[in-house]
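*Asks:* Sequence:
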Amino acid sequence: MLPSSPTPAEDPAAALGRFLTGTEAGQVAGRLAAGETLTMALRIITPGRRPITRELLEAVGAQASLLVASDLADGVRAVLPVLRAIEGARSEPTAISPVWTMPGHLAQSGPLTSSVVHLVEHARQSVTCSTFNFQRSSALWTALPAAARQPGITVRVYLDATAASQPRTPGPAAGDGTPTPQEVADHLRPAIVFRSRPFDGTAVRNHAKFLVIDHRFLLVTSANFSWSAENGNIEFGVLHDNRNLADSVEREIRNAEDTLFERMLPAR
27 MLPSSPTPAE
37 DPAAALGRFL
47 TGTEAGQVAG
57 RLAAGETLTM
67 ALRIITPGRR
77 PITRELLEAV
87 GAQASLLVAS
97 DLADGVRAVL
107 PVLRAIEGAR
117 SEPTAISPVW
127 TMPGHLAQSG
137 PLTSSVVHLV
147 EHARQSVTCS
157 TFNFQRSSAL
167 WTALPAAARQ
177 PGITVRVYLD
187 ATAASQPRTP
197 GPAAGDGTPT
207 PQEVADHLRP
217 AIVFRSRPFD
227 GTAVRNHAKF
237 LVIDHRFLLV
247 TSANFSWSAE
257 NGNIEFGVLH
267 DNRNLADSVE
277 REIRNAEDTL
287 FERMLPAR
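For the sequence shown, the working numbering assigns the number 294 to the last residue and increments by one with no breaks.
It is possible that some hints are incorrect.
[As the list claims (entries may be wrong)] Pair ranges (Cβ atoms, derived):
id : residue 1 : residue 2 : range
1  : ALA293    : THR49     : 37 to 45 Å
2  : PRO292    : ARG76     : 14 to 22 Å
3  : ALA172    : THR285    : 17 to 25 Å
4  : ILE260    : LEU106    : 47 to 55 Å
5  : ALA60     : ALA172    : 48 to 56 Å
6  : GLY56     : VAL264    : 26 to 34 Å
7  : ALA121    : ALA293    : 21 to 29 Å
8  : ASP267    : ALA293    : 32 to 40 Å
9  : ASP37     : PRO177    : 27 to 35 Å
10 : ARG110    : LEU138    : 35 to 43 Å
11 : ARG76     : VAL264    : 29 to 37 Å
12 : LEU291    : MET66     : 42 to 50 Å
13 : GLU283    : GLN176    : 22 to 30 Å
Derived by calculation from the structure, the hints in this document are not laboratory data.
In this text, all values refer to a predicted model and were calculated from it rather than measured experimentally.
Beta carbons: idealized from backbone N, C-alpha and C, even for Gly.
Make the full structure from the sequences, and use the hints.
*Replies:* Set out below in structure tokens:
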């Protein structure tokens with residue numbers, strides 16, 4: 027699942043295993059084993075996560091009675107077996123599949139973009155998606171609110187603030203045009219919906235197009251959420267079965283929420 031901050035009563039080794047991805051644990055362990063200081067080793071961790079990582083590493087070392095305040099780096103190196111265990115436990119074989127949209131279902135390899143809705147329908151924990159253009163003609167217009175209303179499933183959507191001003195994509199179920207971010211928030215309730223906002227006085231567009239299911243399956247695609255993108259255009263994407271990569275993508279956009287996005291609350 028997506029790494030999060032530890033709870034106060036949580037065992038520090040367990041909290042460290044939950045907080046770090048396998049890639050992060052392996053890279054920190056490798057740097058410490060090569061003789062780098064803790065400060066240097068933690069440079070591979072994003073700045074916002076470094077303080078908690080340091081705190082947990084120190085706590086694990088102290089728990090083993092191996093952490094000496096005057097020689098912090100040596101104490102932390104004692105947790106190398108813990109870091110390597112986290113790396114191994116969180117590593118999984120990576121599966122990658124091409125995902126195509128072509129007129130007439132001409133694609134011969136991998137699943138079709140239109141099949142992605144089945145991933146959403148079978149979600150058990152979460153759905154995170156980012157897109158520029160979200161239209162009522164998309165099969166996800168029905169699948170996402172259904173997922174959001176399932177107990178225990180969190181749905182998070184990131185939209186471009188100006189998408190509703192773009193021309194409507196034609197199709198058999200085109201509806202009445204591109205919904206505004208507010209209309210999306212109303213329709214997907216209780217999903218968590220964000221729209222892009224200006225940064226340093228400059229308009230920022232959200233062109234990131236991806237879908238993450240259960241913190242495991244990551245689809246990166248050229249397709250918007252529309253009927254034509256799912257059925258008629260030539261679109262290409264890649265579906266990854268990789269928890270570490272999915273974790274990294276979700277964490278990166280979550281970290282950008284306060285600066286690049288604003289939340290849209292349902293009006294009803």
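*Asks:* Confirm or reject each hint.
*Replies:* We went through each hint and held it up to the structure:
no. : hint                        : in the structure
1   : ALA293 / THR49: 37 to 45 Å  : 41 Å, holds
2   : PRO292 / ARG76: 14 to 22 Å  : 36 Å, violated
3   : ALA172 / THR285: 17 to 25 Å : 31 Å, violated
4   : ILE260 / LEU106: 47 to 55 Å : 49 Å, holds
5   : ALA60 / ALA172: 48 to 56 Å  : 50 Å, holds
6   : GLY56 / VAL264: 26 to 34 Å  : 27 Å, holds
7   : ALA121 / ALA293: 21 to 29 Å : 41 Å, violated
8   : ASP267 / ALA293: 32 to 40 Å : 37 Å, holds
9   : ASP37 / PRO177: 27 to 35 Å  : 28 Å, holds
10  : ARG110 / LEU138: 35 to 43 Å : 40 Å, holds
11  : ARG76 / VAL264: 29 to 37 Å  : 30 Å, holds
12  : LEU291 / MET66: 42 to 50 Å  : 43 Å, holds
13  : GLU283 / GLN176: 22 to 30 Å : 23 Å, holds
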